[in-house]
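**Student:** Protein chains in written order, with my numbering: chain A, 5 to 555; chain B, 5 to 555.
Simulated from the structure, these hints should not be mistaken for laboratory data.
Here are the simulated lysine to any residue pairs, SDA-like style, with alpha carbons at most 20 Å apart:
#1 B:Lys288 / B:Arg347
#2 B:Lys507 / A:Ile491
#3 B:Lys381 / A:Asn53
#4 B:Lys158 / B:Ala202
#5 A:Lys423 / A:Ala479
#6 A:Lys494 / B:Gly400
#7 A:Lys494 / B:Arg496
2 protein chains.
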Amino acid sequence: MKIDIFDTTLRDGAQSPGISFGIEDKIRIIKLLDEFGVDYIEAGNPGSNPKDFELFKRAAKLKLKHAKLAAFGPTCRAGTRADQDESLRKIIEAGTEYVVIFGKSWLLHVEQVIKTSAEENLRIISDSIKFMRENNKRVLFDAEHFFDGYYDNKDYALEVLRSAADAGAEIIILCDTNGGTMPDKIGEAVRDVGARIARPLQSRENYEPTISYKENGRAMRAPTAIKLGVHCHDDSGLAVAGTLEAVKNGVSHVHGTVNGIGERCGNANLCVLIANLQVKLNYKCVPPENLENLTELARLVAEHSNLAFNESTPFVGGHAFTHKAGMHIDGVNKLPGSFEHIRPSLVGNSRSTLVSEIAGKAALLNRVRLFAPEIDKDAPELIQALELIKSRENEGYQFENAEGSLDLLILESLGKRRKFFTVEDFNIKLAEPFTGGSASAKIKVNVGERRSAVIEAEGDGPVNALDIALRKALARFYPQIKNMKLIDYKVRVLDSNAATAAKVRVLIESADSTHVWRTIGVSTDIIEASWRALLDSLEYKLSLDEGLRLD
Amino acid sequence: MKIDIFDTTLRDGAQSPGISFGIEDKIRIIKLLDEFGVDYIEAGNPGSNPKDFELFKRAAKLKLKHAKLAAFGPTCRAGTRADQDESLRKIIEAGTEYVVIFGKSWLLHVEQVIKTSAEENLRIISDSIKFMRENNKRVLFDAEHFFDGYYDNKDYALEVLRSAADAGAEIIILCDTNGGTMPDKIGEAVRDVGARIARPLQSRENYEPTISYKENGRAMRAPTAIKLGVHCHDDSGLAVAGTLEAVKNGVSHVHGTVNGIGERCGNANLCVLIANLQVKLNYKCVPPENLENLTELARLVAEHSNLAFNESTPFVGGHAFTHKAGMHIDGVNKLPGSFEHIRPSLVGNSRSTLVSEIAGKAALLNRVRLFAPEIDKDAPELIQALELIKSRENEGYQFENAEGSLDLLILESLGKRRKFFTVEDFNIKLAEPFTGGSASAKIKVNVGERRSAVIEAEGDGPVNALDIALRKALARFYPQIKNMKLIDYKVRVLDSNAATAAKVRVLIESADSTHVWRTIGVSTDIIEASWRALLDSLEYKLSLDEGLRLD
Numbered sequence: 005m006k007i008d009i010f011d012t013t014l015r016d017g018a019q020s021p022g023i024s025f026g027i028e029d030k031i032r033i034i035k036l037l038d039e040f041g042v043d044y045i046e047a048g049n050p051g052s053n054p055k056d057f058e059l060f061k062r063a064a065k066l067k068l069k070h071a072k073l074a075a076f077g078p079t080c081r082a083g084t085r086a087d088q089d090e091s092l093r094k095i096i097e098a099g100t101e102y103v104v105i106f107g108k109s110w111l112l113h114v115e116q117v118i119k120t121s122a123e124e125n126l127r128i129i130s131d132s133i134k135f136m137r138e139n140n141k142r143v144l145f146d147a148e149h150f151f152d153g154y155y156d157n158k159d160y161a162l163e164v165l166r167s168a169a170d171a172g173a174e175i176i177i178l179c180d181t182n183g184g185t186m187p188d189k190i191g192e193a194v195r196d197v198g199a200r201i202a203r204p205l206q207s208r209e210n211y212e213p214t215i216s217y218k219e220n221g222r223a224m225r226a227p228t229a230i231k232l233g234v235h236c237h238d239d240s241g242l243a244v245a246g247t248l249e250a251v252k253n254g255v256s257h258v259h260g261t262v263n264g265i266g267e268r269c270g271n272a273n274l275c276v277l278i279a280n281l282q283v284k285l286n287y288k289c290v291p292p293e294n295l296e297n298l299t300e301l302a303r304l305v306a307e308h309s310n311l312a313f314n315e316s317t318p319f320v321g322g323h324a325f326t327h328k329a330g331m332h333i334d335g336v337n338k339l340p341g342s343f344e345h346i347r348p349s350l351v352g353n354s355r356s357t358l359v360s361e362i363a364g365k366a367a368l369l370n371r372v373r374l375f376a377p378e379i380d381k382d383a384p385e386l387i388q389a390l391e392l393i394k395s396r397e398n399e400g401y402q403f404e405n406a407e408g409s410l411d412l413l414i415l416e417s418l419g420k421r422r423k424f425f426t427v428e429d430f431n432i433k434l435a436e437p438f439t440g441g442s443a444s445a446k447i448k449v450n451v452g453e454r455r456s457a458v459i460e461a462e463g464d465g466p467v468n469a470l471d472i473a474l475r476k477a478l479a480r481f482y483p484q485i486k487n488m489k490l491i492d493y494k495v496r497v498l499d500s501n502a503a504t505a506a507k508v509r510v511l512i513e514s515a516d517s518t519h520v521w522r523t524i525g526v527s528t529d530i531i532e533a534s535w536r537a538l539l540d541s542l543e544y545k546l547s548l549d550e551g552l553r554l555d
Numbered sequence: 005m006k007i008d009i010f011d012t013t014l015r016d017g018a019q020s021p022g023i024s025f026g027i028e029d030k031i032r033i034i035k036l037l038d039e040f041g042v043d044y045i046e047a048g049n050p051g052s053n054p055k056d057f058e059l060f061k062r063a064a065k066l067k068l069k070h071a072k073l074a075a076f077g078p079t080c081r082a083g084t085r086a087d088q089d090e091s092l093r094k095i096i097e098a099g100t101e102y103v104v105i106f107g108k109s110w111l112l113h114v115e116q117v118i119k120t121s122a123e124e125n126l127r128i129i130s131d132s133i134k135f136m137r138e139n140n141k142r143v144l145f146d147a148e149h150f151f152d153g154y155y156d157n158k159d160y161a162l163e164v165l166r167s168a169a170d171a172g173a174e175i176i177i178l179c180d181t182n183g184g185t186m187p188d189k190i191g192e193a194v195r196d197v198g199a200r201i202a203r204p205l206q207s208r209e210n211y212e213p214t215i216s217y218k219e220n221g222r223a224m225r226a227p228t229a230i231k232l233g234v235h236c237h238d239d240s241g242l243a244v245a246g247t248l249e250a251v252k253n254g255v256s257h258v259h260g261t262v263n264g265i266g267e268r269c270g271n272a273n274l275c276v277l278i279a280n281l282q283v284k285l286n287y288k289c290v291p292p293e294n295l296e297n298l299t300e301l302a303r304l305v306a307e308h309s310n311l312a313f314n315e316s317t318p319f320v321g322g323h324a325f326t327h328k329a330g331m332h333i334d335g336v337n338k339l340p341g342s343f344e345h346i347r348p349s350l351v352g353n354s355r356s357t358l359v360s361e362i363a364g365k366a367a368l369l370n371r372v373r374l375f376a377p378e379i380d381k382d383a384p385e386l387i388q389a390l391e392l393i394k395s396r397e398n399e400g401y402q403f404e405n406a407e408g409s410l411d412l413l414i415l416e417s418l419g420k421r422r423k424f425f426t427v428e429d430f431n432i433k434l435a436e437p438f439t440g441g442s443a444s445a446k447i448k449v450n451v452g453e454r455r456s457a458v459i460e461a462e463g464d465g466p467v468n469a470l471d472i473a474l475r476k477a478l479a480r481f482y483p484q485i486k487n488m489k490l491i492d493y494k495v496r497v498l499d500s501n502a503a504t505a506a507k508v509r510v511l512i513e514s515a516d517s518t519h520v521w522r523t524i525g526v527s528t529d530i531i532e533a534s535w536r537a538l539l540d541s542l543e544y545k546l547s548l549d550e551g552l553r554l555d
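Please model the entire structure based on the sequences and the hints provided.
**Tutor:** Written as structure tokens, this is what we have:
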């Protein structure tokens, strides 16, 4: 059975604290979502936000392959006419075929927030939807606060849905706006709405199971039926569970955002939802061949959201198939399914195991054997590597995400670490209040006994200046350095209550045309921490080129 | 109805990628959990990890008020005797009254991972539990992979539970070890186990609903019955939902970790679980008066876990009751319950509203009126403040978490910002490869037209040196500076793929005896970003002392 995927990353997601999309980010996200195969993309609220209006103008020029764009906005206000409503006009002007109109279905809100009567609320919903239909829009109706309304006053909440359906909405979305409804209560309400609204409406004598609209001036008719949707928020940590429960009880259109961003605690995480629906429960959401792009979608959208990606995210996070306990590592080595609920590749993710004090010697031995297959579990080199790692861990290092630095320590314990270069001297100057290129670094690098280079470089701050100077110096002796680049730079303050004297951990991710590697540095001085990670990165690149790694 | 809260932050939580607890952290977490009122604390696996064994020795000396410590470990191995098992002996030596023994309940694991027979697996479970009982331990049995086992081979999975119960386990925990079971399937299995194992066992003629154990050498008897527990993982994003479904179907003992840390995607988040059970579903989990410490518990444990706290966490996150959309802000102003599913204070959290482009002028006006109550919504000062904020936001600033810097901008727009000092000059030197106090900063500060101070200071890195020098200089003119301190320092890399030339955002949290405030700086140079946040922080302190803030 097909379940519509309705993405609201750019609308409800933009209501997430800390999120502020630029227009280029939004365009990129629309393209990614379309490519991935979602059915609807709610791109913004053109009536309330001029930037969103601009976005729809830009987006109209995109040639989307699969997704339909939708513009979102409220009904007209109480006591006003729909056809004179500025916000509704902007929605029409946004130029999408589909529009989402939201209205109140909780009497408490009607009376105390928008402060009008029960009847007037029904009228503005009906008139707003009719106005959209007259303008050839296909209408989705968001029944805001539906579940709270339903459990407070069933008759009224259902009456709201009936008004929307009668006015011509094709899809009615039951919203748990405050995120407080338990999944079983969602399921119960959905069943009742199915029985009392959707089905009777479809079997009513005068019910018209087609909608008419105009395309290029021609009158068109499309088959339809009232379809039920659901829109859950995560305030109880149950947005995905509530959505699944709604689907089980008859909903076939689900709302969510990539990575679950959204107002307060966020919306249902679409990545988790799609994986559950399609991989675990055998519904059809997106083209099957696109599922393996799910992990990439999550990461790219996080990047365009300028959001630290949560590696613990089910299915798509870096930790989702990462095994740490020794017994778990042993289990997946014997039989992957023993500790994995799905094959990671189904969603484009992959398995990894961690070297840590919990994993113990076995995991480290796996790694050591990449360089020295002959080593056995009681070899003194292994013990030495373990001690070296533990002493660094005591300083605040963590090698789980820094295999590059880990491998260098292992090579050191094996007596195989090569000295490609030494830095004899460096010097950093920071000029007067800051301007671009305000920092300069001078560095002397020795290679072997007799060759050296002195390079001075300017950069954006001391770390950048050091980075540029060091690479320039090394490139004289090792031209392949030019083929690598730093692709990520992360700073983590370890004991942030020590304020500016806090210890920081810097992680650098680097890549050349065939490898990606990560290195780490820790210090109370951010420049030193960065410098250490940088040195490891360059040394690792040179080691790789020597063919030290076996995998 | 009472639901047991069993915390495994220090055991399963420690299996989380990126987590590495020190022993002092663990002791602090045990105290926090006990104070909060959880029933059981699983503090580690003494047989597999010598550090955990040490921890139990230390923890035994704690005077816990409420919680019972439990030591965790596997059954003896196939083909070996329980009373000769080193790991079981360590568990006994750990000295806790309660022990958790885990064993396989999925035949696939029995045959392909531990590679033994179905019968031998039952034998090692039974013998291990009996051995614990002979040593006066009260036993909880973790039925690993129970749900996968149940749906693969019901008879065998149930037989495992029966063996454990017959051997003397008091509580049987059904584990969804791989986190892949859907909540409705968890509920269905729990109902069946209740009907086929727990109740028949209790009604059997020879069933002994008391257990005997020794305390200080005296024989004791305690009433008991087979209690069912559940242990869920979040690999499908449904750990909390699955746990709630289990409770609904008869489980009265639930496992989880603070902040949901744990192997792979983590465990059920206890904070979310407790709030749902106790606030929303009226079960009793912890003493009611402690509920309002839930938010603090989550933050403190995150700190001791050295973990970036996820502000989107339901109930306890900083965003959980933070409203951003203009209509939502308008709603909660009129009626808090309109956009909040619970009162935030019930769990020790609080409401906030954000100044952002989505919230628009109304939210900013609220803030501006703190300083100038006479301002109305069309005042030119308000427009100017909005423009100033937007231009900074374009540079990468975000004021949602930096009210200190926001207030300074507002004061500027109002013409009320005071120049307490100017920095005429500064100079930073970084010495040769890093040693403690490797950086020095020299700074000249002017106060008014005629007074100035030149101070030179050393520090751990350039930011710390600048911080020390600036405070020393200012303290000459404003001695109250000595009463403030920086309590948090955070660095966020904004466009981390620009590597060392990336823009960074620094957030500094500062406090004196009565206020806490946060300030921000953004630059491609981390020193400059820190410097800007630092300057704002000191200026804000001086502004506060002048009584500019009304709240």
